[in-house]
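Novice: Those protein sequences? They're chains A and B, same order as listed.
Numbering follows our numbering, with no gaps: position 121 of the first sequence is 121.
Numbering follows our numbering, with no gaps: position 65 of the second sequence is 65.
It should be emphasised that the hints constitute simulated quantities derived from the structure, not laboratory data.
Errors might be hidden in some of the hints.
Here are the computed lysine-lysine pairs in the DSS-like style, where the Cα-Cα straight-line distance is at most 25 Å [what the hints assert, rightly or not]:
no.	chain 1	residue 1	chain 2	residue 2
1	A	K2	A	K39
2	A	K2	B	K167
3	B	K167	A	K39
Pair ranges (Cβ atoms, derived) [to be verified]:
no.	chain 1	residue 1	chain 2	residue 2	range
4	A	I203	B	E120	45 to 53 Å
5	B	E134	A	R186	56 to 64 Å
6	B	L136	A	T301	51 to 59 Å
7	A	A288	B	E190	33 to 41 Å
8	A	E64	B	L67	18 to 26 Å
9	B	T86	A	F298	42 to 50 Å
10	A	P128	B	C151	37 to 45 Å
11	B	A182	A	T253	17 to 25 Å
12	A	E64	B	G62	41 to 49 Å
13	B	T219	A	G137	56 to 64 Å
C-beta: ideal position from N, C-alpha, C; glycine also.
Single-letter residue listing:
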Amino acid sequence: MKPFSYERAASPAEAAAAAARRPGARFIAGGTNLLDLMKLQIEVPSHLIDVNGLALDTIEPTPEGGLRVGALVSNTALAADPRVRRDYALLTRALLAGASGQLRNKATTAGNLLQRTRCPYFYDTAQPCNKRRPGSGCAAIGGFTRQLGVIGTSDACIATHPSDMAVALRALDAVVETVQADGATRTIPMADFHRLPGETPHIETALQPGELITAVVLPRPLGGRHIYRKVRDRASYAFALVSVGAVVQPDGTGRVALGGVAHKPWRVEEAETELPRGARAVTERLLAGARPTRDNAFKVTLVERTLGSVLAEARG
Amino acid sequence: MHRLSNPGLSRRDVLAAGAATLAGSAASRDALAQEGVNLDAAGTLEAPSQPFHDTVRLTVNGVIRELRLDTRTTLLDALREHLHLTGTKKGCDHGQCGACTVLVDGVRINACLTLALMHEGDDITTIEGLGTPENLHPMQAAFVRHDGYQCGYCTPGQICSAVAVLKEVDAGIPSHVTHDIAGAPALSDEELRERMSGNICRCGAYSNIIDAITEVAGTRA
Ligand SMILES: Cc1cc2nc3c(=O)[nH]c(=O)nc-3n(C[C@H](O)[C@H](O)[C@H](O)COP(=O)(O)OP(=O)(O)OC[C@H]3O[C@@H](n4cnc5c(N)ncnc54)[C@H](O)[C@@H]3O)c2cc1C
Ligand code: SF4
Ligand code: FES
Ligand code: FES
Numbered sequence: 001m002k003p004f005s006y007e008r009a010a011s012p013a014e015a016a017a018a019a020a021r022r023p024g025a026r027f028i029a030g031g032t033n034l035l036d037l038m039k040l041q042i043e044v045p046s047h048l049i050d051v052n053g054l055a056l057d058t059i060e061p062t063p064e065g066g067l068r069v070g071a072l073v074s075n076t077a078l079a080a081d082p083r084v085r086r087d088y089a090l091l092t093r094a095l096l097a098g099a100s101g102q103l104r105n106k107a108t109t110a111g112n113l114l115q116r117t118r119c120p121y122f123y124d125t126a127q128p129c130n131k132r133r134p135g136s137g138c139a140a141i142g143g144f145t146r147q148l149g150v151i152g153t154s155d156a157c158i159a160t161h162p163s164d165m166a167v168a169l170r171a172l173d174a175v176v177e178t179v180q181a182d183g184a185t186r187t188i189p190m191a192d193f194h195r196l197p198g199e200t201p202h203i204e205t206a207l208q209p210g211e212l213i214t215a216v217v218l219p220r221p222l223g224g225r226h227i228y229r230k231v232r233d234r235a236s237y238a239f240a241l242v243s244v245g246a247v248v249q250p251d252g253t254g255r256v257a258l259g260g261v262a263h264k265p266w267r268v269e270e271a272e273t274e275l276p277r278g279a280r281a282v283t284e285r286l287l288a289g290a291r292p293t294r295d296n297a298f299k300v301t302l303v304e305r306t307l308g309s310v311l312a313e314a315r316g
Numbered sequence: 001m002h003r004l005s006n007p008g009l010s011r012r013d014v015l016a017a018g019a020a021t022l023a024g025s026a027a028s029r030d031a032l033a034q035e036g037v038n039l040d041a042a043g044t045l046e047a048p049s050q051p052f053h054d055t056v057r058l059t060v061n062g063v064i065r066e067l068r069l070d071t072r073t074t075l076l077d078a079l080r081e082h083l084h085l086t087g088t089k090k091g092c093d094h095g096q097c098g099a100c101t102v103l104v105d106g107v108r109i110n111a112c113l114t115l116a117l118m119h120e121g122d123d124i125t126t127i128e129g130l131g132t133p134e135n136l137h138p139m140q141a142a143f144v145r146h147d148g149y150q151c152g153y154c155t156p157g158q159i160c161s162a163v164a165v166l167k168e169v170d171a172g173i174p175s176h177v178t179h180d181i182a183g184a185p186a187l188s189d190e191e192l193r194e195r196m197s198g199n200i201c202r203c204g205a206y207s208n209i210i211d212a213i214t215e216v217a218g219t220r221a
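Please model the entire structure based on the sequences and the hints provided.
Specialist: If you want it as C-alpha cells, here you go:
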C-alpha cells in the first residue's frame, strides 16, 4: 500500500465536502474491496475518509410503503432483516449467495454497489487494462475470457460487475440516494447507476467525484415468487458465471435481471413481456445483440437454462 | 477470486494509472503540500511518499491497548506485528482464505481486509482470548477431540469462525442453503458447510471440523 492520511467523517455532508476538497481522497466503508485493491496498488488513494461513524446503518420504512436501507447497513444485517426476508426475499437470497459470512459481516450496502467492475487482468498490473490505465488496451480481449461479459461489452472492456446484491436491486427497481460535495442531495435509479464500458471503462457509475451514497430505497413490495439462482464453479464462495434474479407473479408475468453477463446488472424490461412464453423467448430478447467470445459463448445457453429452471420453480 | 500470476514488476505504471489530474491553484497546492500531498508541474497527484501515523484504542482479549500505527496497518498486522498475538494467521491477505478470522464485538470478520484505525473503541477477540491451554474454549477442545486439523495453520480462523457461526444460527441469520428464509435456520451439516465456506483448509480437515462444530452445537442445545 502507498501511504495515505486518514480521517473519520463527522456527517454525510462533511464527508462529501472533504472528499471534494482532497484530491485523491476515497471513502472507506467495509474496506473489503478497496483494501484488497490498495494492497495491489491498483487503487492508490492519498487520503481515506472513514464513513463508518456516520449513522447510516438503519433500515427504516418509507411513507410509500418501502424500505430505506442506510448505506452502511452490512450485507448480513440487510439479508437477515425480517422485513427484507418477508417482502424482498430476492434481495436476501442474492446477498446470501455472495462472498463469505466474514465478508458479508463487513461489506456494506454502498460498498457492495461500488465494488469495482473487474476481471482477472485488472488484477494483474503487468497487463494492459483500460480500466486500470485508460488507453493502455485490454488484455482480456483475445485472452482468457471464460468469466467475462457477453453483452453490452465494448472494444475497450469486457469485464462484468461482480455483485449479486446489485442484480436483486436492479430487478426490484431500487433507488440510490446521495449527497454531493455542495450538500445537495439527489436520487439515482438502479437502472442508471452502473454504466456500460463504452470508451471509458474506468468510469463505472453515475456518481460524481466525492458524491456519497447515503441510502438505497426499496419501492413497495411486489409480491410474487422471489428466486435468485447463481451458477458458479464452486457451490459456495465464488463469483457467478451467470446468475438469474426473478420475481414471478401467479399470472406468469414478472421481472428478470442477470448477473455475470455484463458491465452492470443486466435487465431489459421489454424482454419481460415474453415471460409467459417461457425462458427461450425471454432470453432471445434479453440477450439480443450479445457478443460472446469463444470461451464464454456457453453463458448464453446457461442463462436460458437457468432461467428455465427458475421459472419452473416459480410455477411449482 | 481469480488472480493471474503477478511477476515482480515496476509499480510506476500502476501509480501513473491511479493518479488523478488536477487543476490545482498554487495556493491549494501549498495547502495540500502541508498535508503531505504533492502535485507535479502538470497538476498530477503524486502519492505521498512519507507514511502517516495515527493512534487507536481498542480492547484486545479484554485488555485495553493503545497503539500508534502507520495508517496502512491492517487489524491483522496490528495483532500479529504490534501486539505479538501470532495465533491469528495470515494466509492470503486478501479475504480469500479465512485464516485471519477474528471476532469484533462478537462478529466474525477477516482481519486482513480492515484497517486497525477503523476499530477505535472496538472489542477484539482472537484465538488467544477464546481459551488458554489449561482452560480451552469448548470449540477448541472439540477441535482437539475430533482432529479438526492437520498442519493447524487454518485452525485459529476456523475456530473463531465456528464460534461465531453458532451465534449467527442462534440469532436466526439465514444462509444460502436455508430452505425457508422466513423461519429459523437448522443446524444441519449442509448449513455448517455453507456457513464455514469462508475458511479454507488446505489439509482438507473439513469433515472433522464439521464433526467438532456439531458436537459443540449439540452440547449447547
Ligand atoms: C474473496 C472475496 C469474494 C467475494 N465474493 C463475492 C461474491 O460472490 N458476490 C459479491 O457480490 N461480492 C463478492 N465479493 C465482494 C464484496 O461483496 C465487496 O468487497 C463488498 O461488498 C464491498 O463492500 P465494502 O463496504 O467492504 O466496500 P469498500 O471496500 O469499503 O468500498 C468499495 C468502494 O465503495 C466506495 N464507497 C464505500 N461506501 C461508500 C459510500 N457510502 N458512498 C460512496 N462511495 C462509497 C469506496 O470508496 C470504494 O471505492 C467478494 C469479495 C472478496 C474479497
Ligand atoms: S476487460 Fe476491462 S477490466 Fe479486464 S483487462 Fe480489459 S479493460 Fe481491464
Ligand atoms: S489472510 Fe485474511 S482471508 Fe486470508
Ligand atoms: S489444518 Fe492445515 S490448512 Fe487446515
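Novice: Hint by hint, say whether it matches the structure.
Specialist: Hints, verified against the model:
{"no.": "1", "hint": "A/K2 <-> A/K39", "in the structure": "holds (8 Å)"}
{"no.": "2", "hint": "A/K2 <-> B/K167", "in the structure": "violated (37 Å)"}
{"no.": "3", "hint": "B/K167 <-> A/K39", "in the structure": "violated (32 Å)"}
{"no.": "4", "hint": "A/I203 <-> B/E120: 45 to 53 Å", "in the structure": "violated (34 Å)"}
{"no.": "5", "hint": "B/E134 <-> A/R186: 56 to 64 Å", "in the structure": "holds (60 Å)"}
{"no.": "6", "hint": "B/L136 <-> A/T301: 51 to 59 Å", "in the structure": "holds (52 Å)"}
{"no.": "7", "hint": "A/A288 <-> B/E190: 33 to 41 Å", "in the structure": "holds (39 Å)"}
{"no.": "8", "hint": "A/E64 <-> B/L67: 18 to 26 Å", "in the structure": "violated (47 Å)"}
{"no.": "9", "hint": "B/T86 <-> A/F298: 42 to 50 Å", "in the structure": "holds (45 Å)"}
{"no.": "10", "hint": "A/P128 <-> B/C151: 37 to 45 Å", "in the structure": "holds (39 Å)"}
{"no.": "11", "hint": "B/A182 <-> A/T253: 17 to 25 Å", "in the structure": "holds (24 Å)"}
{"no.": "12", "hint": "A/E64 <-> B/G62: 41 to 49 Å", "in the structure": "holds (47 Å)"}
{"no.": "13", "hint": "B/T219 <-> A/G137: 56 to 64 Å", "in the structure": "holds (59 Å)"}
The structure is inconsistent with the numbered hints 2, 3, 4 and 8, although it conforms to all the rest.
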